[in-house]
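**Q** The residues making up each chain are set out below.
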Amino acid sequence: MGEPLLSTEKLSNHFGKVCTALDLDLRFEPGVLTSIIGPNGAGKSTLINLLTGHLPVQAGKIRFQGRDITRLPIHERVRMGICRSFQVVNVFPELTVAQNVMIPVLARTGRAWRPIRRLSRETALMQETEAFLEKVSLLPERDTPATALSHGDLRLLEVGVALAAAPTLLFLDEPTAGMNPVERVRLLDNIRQLAREGRSTFVVVEHDMDVVFSLSERIIVLHRGEILCDGTPENVRADAKVREVYLGDDVSDLFRYREE
Amino acid sequence: MKAETRNAVAAGAVLLALCAVPFITGKFTAYLTIRIMLLGIFAVGYNLLLGQTGLLSFGHGAFYAAGAYGLGLFGVHVSTHPLLGVAVGVAAAVLLALLVGYLCVRHTEIYFAMLTLACGMMVFSLVWNAREITGGDDGLIGIVRAPITLFGLADIPIARENHFYFFVLFFFALSVWAAHRIRRSPFGLALAGIRENARRSEFAGVPVRRYRLAAFVLSGAFAGLAGALEALLESNARPFMAHWTHSAEPVLVSLLGGLSSLTGPLVGGAIFVAMREIIQRFTENWMLWFGILLLVIILGFRGGVVGTVSALFRKATAPGEG
Amino acid sequence: MQSYVHVILAGLSSGMFIWLVASGLTLIFGVLGVLNFAHGSFYMLGAYCSFTVLKYLGAGYWAGLLLGPVGVCAAGFVVERFFLRHVYRLALPYQLLLTFAFVLIFDNLVKIVWGGGALSPPTLSFLGGTIPILGRNFPVYNLFIIAVGPAVALLLWALLEKTWYGRIIRASSSDREMAASLGVRVPALFTGVFVFGTWLGALGGGLAVPYVGLLTPGMGETIIIEAFIVAVIGGLGSLKGAFVGALVIGVLSAFGTRFFPAFDMFLIFILMAGVLLLRPQGLFGAAR
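Chains as they are written, first to last, in my numbering: chain A, 114 to 373; chain B, 521 to 842; chain C, -6 to 281.
Just so you know, these hints were derived from the structure itself, not from any lab.
Because the structure is a prediction, the values reported are computed rather than measured.
Using N, Cα and C, we set each Cβ at its ideal position, and we do this for glycine too.
Hints may contain errors.
Covered by chain C, per the in silico footprint, the following chain B stretches (three or more residues, Cβ under 8 Å) [said to hold, decoys possible]:
#1 626 to 633
#2 757 to 771
Derived list of chain C stretches under chain B, where covered just means 3 residues or more per stretch with a C-beta under 8 Å from a C-beta of chain B [claimed, not checked]:
#3 9 to 15
#4 67 to 80
#5 85 to 95
#6 146 to 158
#7 222 to 235
Work the whole structure out from these sequences, hints included.
**A** Take a look at the structure:
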């Protein structure tokens, strides 16, 4: 098994009286595509915010590759290899698609400090950027400003910017939100392909059960800030507590996959 | 013709025209052009902070003053060598910008604007009150334009208006070129990212605070250069340079010309100086008209003069519809 | 001892003017989210309008105080309704620069209408004169001002805490969208708050006429900076903070002028920078 990629120790968070994370002890192993699911308000986004540094930790510890990163600022965590995409599209609006993806590449390769060098001359940089654009199928749009993109392309860009930081651990927060079925399939295929390449470990927060069950090797179910269930898709499907919480629409979805 | 080449040709033409000014126009026009160039240096550097990085500072006059007083005090007490003086002025501005910037960039938006305003006024008040050193509200006098001695070999005089004109033109061209390269560099793109989405820049691995400080200090250096050159031009340094109404000039001028282009602040500066000259002939209250112009720009033409003109140009040359 | 008391009293009275300007500024910032650079101009316009009523309409001081600020409210209405309203959705620099444009416009309009020189208001008969405090004479008018300040503070507190209108203002300042969806006519509210804030600033100017002794077109510039500092120290958006801040700044400034004349402005800026560094939200501001 070896050293986990990321582990938490009694991670907790409160917003006033509302508990969004309660004594979470988690381990993420490299290469295991994980999904985090749970009803609204379960604390999924809060967890990602805590792990990536968006939210300061109130109690508990976070360790990445053995190092304690609990107090580390965001850009340092990114440097170490933890990155995320956002639920609401959060890109660089007036910049082109290529420029959007180039920024993380610049930061990562330490090239961002050069103030006089011409950007257009940085061929290695451009090639790397184009490679990432290729991975999210956005190469044809490279010179389009982000504000001119369709919603589906924007979500691809959203993932692309996160990918371009070449993270070891990548959190995707509802990457397919608002996408139509065709776009969704395209993005999922891209993610599956990238996961197979093995450079990044993906952790995906999702509402859509199709996505979750077709993509993941491991599913974590959160409820009111606590882990309800954590295991393979079969485990989760069979778990009584999960069924209880999801009593209603999604249960039928869960059962549908029995026929696969 | 490619856009790059077209821009280079245009820049070359403007440079040539600027070189011709002292020969084909009178002394006063040359003086005005120098003032336009000084404001241009101030504004083009300032726009690296505002237009490129998205930070609104109301205190950059402090760095302008640092440049002027730095050169002035150095000239009066140590040496009148103009190049050394300029270097000292810029260095003083950079140091001050480092200090002020370090204190201010941890805050955002409104607090940043107000902190920089306060810091600028602090410098103003310091300069005003330290009469024995700075001359107080009389200003620092006794700044001379000594000839430039290059390693004892050549003696380039800059005392005469026409000679000084080229001294300023040299620094102007250098500043504009530097600003152009910075905007097109990886660093420039990182700054643009910070402007567009600072949060996302963090998540892309960009240490935002450090870069903001760098942009702040850079823009301060440009301000210091302009200040030092003005001290040489007017042979004095005045506390007003650090006052917030002077700090507002590069802001207004950049907005007027256009925040998102390199030439915007330059065009804005030219319009500002020209307007001031022309309207001042008729009325003391020329700022009233400038205020009205500003309102018009903010309400309808936020691209500034350059932005609006290029949009019109694009519409005119774009393929017709239907 | 005597000089300390007098300095404190002087500081309190000058602080009250800053409070009046800062109160309007804070109210406008709290509800509209806009930092109104032109607030000093409203103060100045209030002074000039009151002066005009006093001198040219031959009416008494109270008439001037009543009518002057009302005139300025018209200017405030025009600024918000026809200009500021269009820039709420824009980025901060545009809002600040719009109000700054009005500083330029108003300052110069004053010079055009009233001339660029200084104006002397006629001396007060009613509240004029001095009263001995601890053996030294102190102007009665200043004592009046020291009473007016808290009176306005009380008025504002009562308005915001106890009235229906005040409740709407408080609700809208914490959540604009929510207020709108609850049926609050937000644009009308904004105009109302802006005009009320203008009135407060102009009232300060009207009250200042007998105090400053000399009206100049630059009087708006100094007070807006002081009001900014007060608002920041007290906490942007907090009226309580603005009141306390104004008193602190007023007294500090008075001590500065009396004992360290070369550095009084400097002290205030250092205080502001210090507060921003150690407690960025100000003394009473909400934590960010």
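**Q** Which numbered hints turn out to be false for this structure?
**A** 3 and 6
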